[in-house]
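Engineer: Sequence:
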Amino acid sequence: MTEPHILFITGEYPPMEGGVGAYTQELGRALTELGARVSVLTGRDARQAGQAGPMHVYPAVERWGPAVWRRAPALAREAGADWLHVQYQTAAYAMNPAINFAPDVWRRTAPDLNLAWTYHDLLVPYLFPKAGAGIRKRVTVRPARRAQVVVATNRGDALLLEQYAGDRLHQIAIGSNITGVTLGEEERRRVRARYGYDDGDVVLAYFGFLNRSKGGATLIRTLARLHADRPDVRLLMIGERVGASDPTNFAYLQEVETLIDALGVGPFVRWTGRLDDADVAAALNACDILLMPYEDGAALRRGTLMAGLANGCAIVTTTPQSPLPELADERELLYFAPGNDQAAARVITRLLDLPALARRLRTNARAAARLFAWDRIAQEHLAMYAACRTDNA
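Residue numbers (the numbering used here): 3 to 395.
A few of these clues could be false.
[Claimed, not checked] The following label-pair restraints were derived from C-beta to C-beta distances:
1. 234 <-> 69: 52 to 58 Å
2. 136 <-> 368: 30 to 36 Å
3. 192 <-> 351: 24 to 30 Å
Worth flagging that the hints you see were computed from the coordinates, not collected in a lab.
Backbone N, C-alpha and C define an ideal beta-carbon position, used for all residues, glycine too.
Throw the hints in and build the complete structure from the sequences for me.
Structural biologist: This is the structure:
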């Protein structure tokens with residue numbers, strides 16, 4: 003059987019900032035290395051993406067309205083694709099629900115094309131003023147009823163989606179958008195010095211955009227609580243402050259900056275700004291502890307968590323909402339209750355006092371990251387596509 007040609011449809015794509023776009027790029031690269039053909043339909047803000055490399059990128063969408071119902075199948079046929087595969091996160095589509103109804107249209111107008119749908123989260127779109135939670139949820143899960151294959155990136159989302167998708171549902175984890183590296187001691191010392199840290203500083207790090215679900219307020223309160231007892235504690239904020247897709251991120255950033263000022267920890271916080279992937283990896287290697295206080299708990303859909311694993315960080319994060327057997331407390335990382343800065347500070351203090359535990363977490367984090375390698379993820383996608391085509395034969 004010939005390898006598939008997939009047209010990914012994504013609301014964001016590099017150079018736009020955003021995890022879904024970076025995921026799509028990495029998955030596309032891995033698929034092409036295994037012999038598949040990949041094209042990408044995305045927004046015009048990705049117009050600098052160009053056509054370099056094995057993927058053909060079409061930054062052609064100005065607005066994610068009903069026009070995409072026609073545009074995507076037409077482009078797929080023009081490019082010779084046999085799959086439409088939507089990478090879904092409502093914020094990436096400006097919360098426009100037109101994309102949610104696309105599968106209904108495509109099943110009628112493009113029966114010659116296979117349809118896959120990946121849920122990167124289950125946040126609901128904007129519909130109209132006073133639209134209730136029930137109708138917004140129905141719009142969110144509608145594609146799960148209509149797509150030929152549905153992908154959840156974590157167990158929690160899979161548990162919610164299986165009632166709609168049944169045996170069409172596949173759980174495939176995401177990988178790290180940041181390639182893992184290992185720095186020697188001297189190189190690590192140079193990276194720390196670049197950000198103004200010496201061997202006597204305790205460097206906590208946070209990686210990724212700030213938004214309400216990622217626990218920025220808990221992060222800052224934890225820093226303040228730790229610094230009261232340990233003046234050597236610092237916080238390195240790695241990467242851009244906000245992403246491109248969700249306009250509420252900027253308002254939340256302002257809340258966090260106000261909290262930093264109110265707690266008087268501004269002198270101990272350093273923001274790197276945008277970094278290339280190699281510098282992100284170096285910064286992750288240079289920190290002592292990676293603190294990721296997700297409000298909804300750690301999950302395999304979090305690319306920032308995957309980056310920490312790939313780069314061997316000693317990770318402190320929040321207790322998962324759903325079982326996460328791949329990442330056990332005290333084995334790959336340490337957990338605390340979401341929103342509880344007192345518990346976070348207590349866990350971090352314990353980790354700082356037990357260097358052998360920190361070393362074990364770093365070693366096991368790198369080992370766990372191999373479970374989420376892009377070649378493995380791409381192979382799971384190819385198996386999924388092939389099984390669907392066999393069923394439809």
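Engineer: Take the hints in turn and mark each one as holding or not.
Structural biologist: Going down the list of hints, with the structure as the test:
At roughly 56 Å, the beta carbons of residue 234 and residue 69 sit within the given window of 52 to 58 Å. Distance hint check for residue 136 and residue 368: the Cβ-Cβ separation is about 44 Å, which falls outside the suggested range of 30 to 36 Å. A C-beta distance of roughly 28 Å is found between residue 192 and residue 351, which places it inside the suggested range of 24 to 30 Å.
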